[in-house]
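Peer 1: Sequence:
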Amino acid sequence: MTDFKRKLRFGYEKEIRISLLFFILFLVLLNFGTFVLLTRTKIELEKQFDLKLRSVATSSASLWKNSGDKSSESFQKTLQNLAFETKVKTIAFLSQEGKILVSTDSSSQKDDYSEFVGSTTKAGDFYYIPSGDKKGVWRSYIYPVFDRATESNILIFVKSEAKTLHAIERLSEIDSFLIGVGVLLILFLAFLFIRTILKPFSILREKAAQAKKRSPAQKSDVDFVIQAFSDTIAELRKKERILEGLYQGTKKDAERLSKLNEYILKSISSGVMVCDKEGEIIRLNESALKILGEAETYFMNRPFYQALEGFDQVKKFLNQGLGKKIFVSNEEIEVEDKKGRRICLGISTSSIKNERGEVLGIIMLLNDFTELKRLQEEMAFKEKMAVLGEMSAGLAHELRNSMVSILGYSKLLKKLLTADDSTREIIEGIINESCGMEVMLKKFLNITKPLEIVASKFDIEKVIREAKKSTEKEIPGIDFEMNFDKSLPHLYGDQLLLKQVFQNLFHNAIEAMPEGGKLGVTVIPKGDFLEIDISDTGYGISEKNLKKIFNPFFSSKQKGVGLGLSLVKKIITSHQGRVEVESQERKGTTFKIFLPFHLKVRVKKKVKV
Numbered sequence: 001m002t003d004f005k006r007k008l009r010f011g012y013e014k015e016i017r018i019s020l021l022f023f024i025l026f027l028v029l030l031n032f033g034t035f036v037l038l039t040r041t042k043i044e045l046e047k048q049f050d051l052k053l054r055s056v057a058t059s060s061a062s063l064w065k066n067s068g069d070k071s072s073e074s075f076q077k078t079l080q081n082l083a084f085e086t087k088v089k090t091i092a093f094l095s096q097e098g099k100i101l102v103s104t105d106s107s108s109q110k111d112d113y114s115e116f117v118g119s120t121t122k123a124g125d126f127y128y129i130p131s132g133d134k135k136g137v138w139r140s141y142i143y144p145v146f147d148r149a150t151e152s153n154i155l156i157f158v159k160s161e162a163k164t165l166h167a168i169e170r171l172s173e174i175d176s177f178l179i180g181v182g183v184l185l186i187l188f189l190a191f192l193f194i195r196t197i198l199k200p201f202s203i204l205r206e207k208a209a210q211a212k213k214r215s216p217a218q219k220s221d222v223d224f225v226i227q228a229f230s231d232t233i234a235e236l237r238k239k240e241r242i243l244e245g246l247y248q249g250t251k252k253d254a255e256r257l258s259k260l261n262e263y264i265l266k267s268i269s270s271g272v273m274v275c276d277k278e279g280e281i282i283r284l285n286e287s288a289l290k291i292l293g294e295a296e297t298y299f300m301n302r303p304f305y306q307a308l309e310g311f312d313q314v315k316k317f318l319n320q321g322l323g324k325k326i327f328v329s330n331e332e333i334e335v336e337d338k339k340g341r342r343i344c345l346g347i348s349t350s351s352i353k354n355e356r357g358e359v360l361g362i363i364m365l366l367n368d369f370t371e372l373k374r375l376q377e378e379m380a381f382k383e384k385m386a387v388l389g390e391m392s393a394g395l396a397h398e399l400r401n402s403m404v405s406i407l408g409y410s411k412l413l414k415k416l417l418t419a420d421d422s423t424r425e426i427i428e429g430i431i432n433e434s435c436g437m438e439v440m441l442k443k444f445l446n447i448t449k450p451l452e453i454v455a456s457k458f459d460i461e462k463v464i465r466e467a468k469k470s471t472e473k474e475i476p477g478i479d480f481e482m483n484f485d486k487s488l489p490h491l492y493g494d495q496l497l498l499k500q501v502f503q504n505l506f507h508n509a510i511e512a513m514p515e516g517g518k519l520g521v522t523v524i525p526k527g528d529f530l531e532i533d534i535s536d537t538g539y540g541i542s543e544k545n546l547k548k549i550f551n552p553f554f555s556s557k558q559k560g561v562g563l564g565l566s567l568v569k570k571i572i573t574s575h576q577g578r579v580e581v582e583s584q585e586r587k588g589t590t591f592k593i594f595l596p597f598h599l600k601v602r603v604k605k606k607v608k609v
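Its first residue numbered 1, the sequence shown is counted upward by one per residue in my numbering.
Hints are computed from structural coordinates only; laboratory data are not their basis.
What follows is a set of in silico ranges between Cβ atoms, one per label pair, in the way DEER data are often shown:
#1 Asp-528 - Lys-353: 40 to 50 angstroms
#2 Lys-338 - Cys-435: 48 to 58 angstroms
#3 Leu-413 - Asp-528: 52 to 62 angstroms
#4 Lys-353 - Asn-551: 47 to 57 angstroms
#5 Thr-297 - Lys-473: 51 to 61 angstroms
#6 Arg-465 - Ser-350: 48 to 58 angstroms
Even glycine gets a Cβ: it sits at the ideal position worked out from N, Cα and C.
Starting from the given sequences, assemble the full structure and let the hints guide the process.
Peer 2: Following this line, the structure appears as structure tokens:
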């Protein structure tokens with residue numbers, strides 16, 4: 001018995017197919033039953049309708065036979081009452097030629113019955129004539145009766161509306177169509193069900209059989225597949241936990257690497273800017289932001305040609321790298337930053353590629369060489385001054401000896417001449433020129449020989465005001481403005497040398513404004529330095545002369561010796577400071593002096609520089 005049940009037992013797929021087959025048969029039988037029911041209902045309604053119309057026709061025939069005057073009003077009224085009571089549309093008596101003898105429908109005409117006339121030949125025959133027109137669906141009956149008075153056949157025509165019967169007919173037709181379509185649809189859905197559900201289940205069962213041996217306790221395919229699926233889920237969850245652990249470890253490593261990259265970018269003194277292959281800026285470090293002078297939000301996810309407004313040369317190198325694949329290394333350029341300062345940058349560019357060699361973007365390094373350039377210029381200036389000092393010290397000494405001799409002989413000759421001697425004026429000219437040359441030689445020797453700084457603690461405001469006072473005789477017509485920060489600390493340095501610096505700069509500014517103007521002094525702390533700005537509204541300095549104004553013997557003035565600004569730079573450099581100049585022709589010039597708060601020398605000690 002057990003073997004029989006085991007043989008009789010169907011698999012899951014066969015059970016589904018058999019169930020689906022029974023379901024299809026049930027639906028077919030249900031539709032067939034509906035069709036049979038509608039057909040029988042139609043037949044029954046036809047019988048009842050025919051019986052009704054036959055009854056009206058026979059009643060009308062009896063009235064015709066028993067009535068004397070067929071054209072009387074009473075006959076007409078009786079006929080109409082019969083039509084009303086039996087709910088028929090028309091009762092009409094026609095001759096065999098089609099002439100209307102009597103009719104309850106006053107609007108009817110001979111042509112309305114022409115198709116029925118001549119279709120009857122035998123008295124007592126009964127004809128069913130269904131008809132339809134635009135106004136409705138009708139069922140008509142022709143009943144031939146022998147009229148003894150005329151010894152000829154007359155036709156009794158009965159017409160009644162058949163909406164219900166017609167609806168049943170239409171419903172039967174629709175049901176027949178739906179049965180056909182339904183059977184096809186059911187067959188299609190069955191095929192689709194087998195294809196989309198049973199076939200994948202069969203594949204799943206086969207895969208489960210390959211992955212796991214079937215247990216005797218698993219009686220059906222469904223139990224086997226469910227168990228295999230559960231085991232697979234358990235195995236996947238186990239592996240998911242392992243992968244989650246690996247993911248967390250990888251995530252931590254990635255976060256550490258990301259932080260390390262972030263620390264590296266922050267620690268690099270060079271500016272780093274990264275753009276994707278479309279040219280949008282996607283990364284900048286703090287050094288790059290400091291050089292470019294804007295916040296990170298200003299640059300991020302913006303095209304470089306929009307974000308780097310004013311940095312045309314930087315844009316040119318990025319465009320060359322992205323478009324023409326031309327890259328540069330330590331290319332030096334000069335640009336003007338957002339604060340208007342001229343800075344020297346070293347530019348290097350390189351493409352960013354993935355492991356397949358595909359270009360992902362471009363990276364640019366920006367090195368600020370401004371301070372390095374300044375130190376190089378100072379070193380070159382010191383070397384130039386040292387060489388000049390070595391070469392000219394002896395020559396200046398010899399010239400001075402000669403000038404002393406010329407001056408001595410000239411003074412002696414002047415004493416020997418009388419007051420009205422015509423050569424006396426020439427001798428005085430020689431003496432004046434000799435004295436001027438003596439002053440120039442003293443300045444020249446001051447430039448060439450090392451300076452001795454006598455450093456002491458002093459008030460910078462007091463030194464600047466003393467320098468202003470010593471040049472007051474040159475100030476008429478000059479609007480002199482001085483602005484000092486209220487919390488200025490004392491400085492260490494040589495007061496006399498720094499006073500000479502300010503006197504020289506004030507003198508140059510006054511000479512640049514022969515028709516009057518404005519001379520301003522502003523002193524403010526700036527980091528580890530004190531910034532002293534001396535500005536005028538004079539003629540200004542041309543761009544080509546800006547780089548040469550600190551060279552010895554260079555002067556743009558007709559009577560200038562060209563040693564004043566050289567001495568200014570030498571004194572400031574000796575105080576471990578720096579001098580910067582900004583100028584525009586016909587607008588004015590600004591000298592910026594930066595002096596350190598802490599001079600690295602001992603107080604009250606002479607230092608050779």
